[in-house]
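Novice: Protein chains in written order, with my numbering: chain Z, 1 to 329; chain U, 1001 to 1312; chain X, 2001 to 2283.
One should not assume that every hint holds.
For lysine-lysine, the following DSSO-like pairs were computed, each having C-alpha atoms within a straight-line distance of at most 30 Å [to be verified]: (1) Z/K176 - Z/K36; (2) U/K1307 - X/K2086; (3) U/K1198 - X/K2133; (4) X/K2129 - U/K1198.
Just so you know, the hints here were simulated from the structure itself, not pulled from any lab data.
Residues per chain are reported as follows:
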Amino acid sequence: MSAPLLDMTGLCVAVPTPGGWLTVVEDVRLRVAAGKVCGLIGESGCGKTMTALALLGMEGFQGWRRTGGRALFYGRDLFAQDAAAWRSFRGAGAAMIFQEPLSALNPVLTCGRQAAEICIAHGLAGKTGAKARVLELFTQTGLPDPDFAWSAYPFELSGGQRQRVMIAMALAGEPKLLLADEPTTALDVTIQAQILRLLRQTVDARAMGLILITHNLGVAAQLCDEIVVMYAGEVVESADVFSFYAGPAHPYSAGLLASLPSRAPERPAAGFGGIEGTVPAPANMPPGCRFAPRCPRVGEVCRTQRPVLTEIAPGRFVRCFFPLTGEAP
Amino acid sequence: MRNEIRTPLTEGVRGASCPPAGFQGAEPLGPSGPYARALAALARDRVAMAAAVVVAAVCLAALAAPWISPYDPNAVDLVLRNIEPGWSHWCGTDALGRDVLTRILYGLRVSLIAGILPSFAAMVLGALLGVTAGYLEGAAGFCIMRLCDAAMAFPSLLLAMGLMYALGSGLSNICIAIVLTCWTAAARVARAQTLSLKQREFVLAAKAMGLSSRAVAARHILPNCLPALVVLWGVGIPEAILFEAGLSFLGIGAQPPDTSLGLMAAEGKRYLFSAPWISIAPGAAILGLTLAFNFLGDGLQGALDPKRADRP
Amino acid sequence: MNAAMLELAGVRKAYPGKGAPLGSRAPERVALDGVDLTVNRGEIHALVGESGSGKSTLGRLALRLEAPSAGRIVFDGRDITRASEKELSALRPRMQIVFQDPSGALDPRYSAAEALAEPFLAPGRFLPKNEVKNRAVELMRLAGLPESLLAAYPHQLSGGQRQRLCIARALALNPDFLVLDEPVSALDVSVAARILALLADLRSRLNLTYLFITHDLSVVARLCDTVSVMLQGRIVETGPAQCVLAAPSHPYTAGLLAAMPVANPRRREEMPGGSAPGPRWER
């Protein structure tokens, strides 16, 4: 078996606070293979966006710091490279798609110009050849009128078209790994379906890896091959998509699935699901398992000792002392 | 004892990126109302308090000028002209032998009055007109903003000169002239803020509860406009001081023997290389005053921001 | 007692185009183009549509926060289409609204207690101070919030807590009718589920009627009794929720149902898509 596209272990990220550095992401393990989609699922504040930004080495811009971890990209250690190597990695090795295209695109530059910038910066085209390349990319991402998009400003396009422009820009540097941070949350559901299909086709056609960050379990079920669930800065479960949705092992994942209105017919009629309580703040983490205060299966050991990520089945990891086994209740 | 309220890590709201400050839940009845809370928060800001002390001290000194100044500001002594700063004259004397420090103390009165009051009045007038224009829109808003455009288009110095010629010189007329030229900035800022605040859902919610338009404007729009207006005021005070100096220099502001800081600085221009203290001393006083007001304005802006205000 | 809490007949709302009074104007934007809607007493009526369909405008018009360009709005038997502010303010306590973004719906300068006291500042609803405080405590309990949060500011509360505060505030004046404009769209799934449970519980406890605006059909299936589907300013389909969702008669509704991502990876092949953008719906 060849080296996986991305093999990241032990990622830790800390933020500066008046009281010192506070670890907000701890011991994150992520693996992506070529042609596969890995879904990073979690609710707000769990650290999934920060994980993605750490993968791109974006720490300098926002004040937080990566304090540990190793990320092997085709065998090469990303976190050991210097600034110049990072610059060439961003865009050509990995690229990112953001949630809100209207704020991720520069409003005073035309879409064509922004996309061309990336081609030129990575040396894939000269100034003259850039336009042809960009138009080709726009066609590949399904824009109905690439010439119009070339000379249009972001606000002149619809939400779905803007997202296609952003995907085209992400693909401009011919990256091997795509990071998509909630790419369809701001879109209507019909457009969302098209964008998801586009992402799947792109990943298959170019044998790329895709890390899809989302809170939407329906979207993850449609697109992903593997699911990684994060809670309060830690990975709590990692499994392939079929076994995850058939029966999650971690009580938090089970709670999330049970909160979905669409799973209602498969559940007893009583209740809407949901999980009581709130996510603990990084400064106030409970001493044992971080989910213990809210967990329906909590035991004595959960409150005092912190569980580690253990492999309960081939390729299936869970961070829990009492994982759920078998089908969901 | 373990705090019952979990400090939430932006639980629930997607897209939020920084955790809100932890809430202790044990907060007793503090001051109520956004203004009282802002003042309390201001009192906790050490830099702003220091600046406030400086401003207060300067105002007191200016008020007490007749009693604390060492010399008569108008005592001309042609023998002791252009004396360097020393023990008998802390800031030296000017071309007519008058003690510079004494004149600064007296000049502070004019400058402070001409600086603080008109810029405050301009902010209030501009805010009222701007909020009205933004809230009502339509014909009223149109008229107010065209009036604003007209006032801005006219060169401010010419406008002030025209007003002074019409009203006559004198401190109160200087203040009126400054108010009538400086209200436009506050009006534009207030209108822009009002237009954007009108779309915010808490304004709609207040309307849905049945509050009258006036109540909505007073309770929600005005307090949220204040930070921007306060900053404008902080910047406007030194502007007003310098504007008055310009008018005085042109001879239509403070009339000799009354003086202002700006006028002193302007008069000392001729002796800039031979007796620089004549200009530098009042200039330094303007600088110190400007800095103090800027720090105070910064502190006020921070105190008016509810997210920053509750950090000690 | 009227069976219909709210009736809209032929309601049309157009916004004037942007432009100076004396200059050239952009064409007017039609948000609602002839809408007929009936919300019966005690039901949860869902209003489903994508962005630009006009559902939020409809919600605001239902409360007469804006006036319609044409048509009739009847609330509990009373015609409020052309009602003056004074007549409306007598009705306001009975109809309230909860917005999508809880952080935008709360003034950041006021604490929770002050936000809950605000409904009592309107003329004619004045209450003495300690009664207001008691009512605030009661509302917090109703919305599932601990009393200690009364002194908190919106930025100190989590998203779910803020939305509960907005719900508490909407209940302050004992309304009969609540417009909920995408109340859980901005919240995480586990939090949203709790808020939906709260809304269902409040409906039965306080005999409320809801107009539930959403784009999420799965919530409609779980919570709502009736559904109306909106497309570009018109209602294209309406009926009992279970019937419409099981057998939609309008192709747009069918398209929405098909595009909804199902949380089951074994049903992937059913997802529509294609690389070309979908048809722009013609009516």
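Novice: Looking back at the numbered hints, which does the structure fail to meet, lowest number first?
Specialist: Hint 2 is the one this structure does not satisfy, whereas the remaining hints hold.
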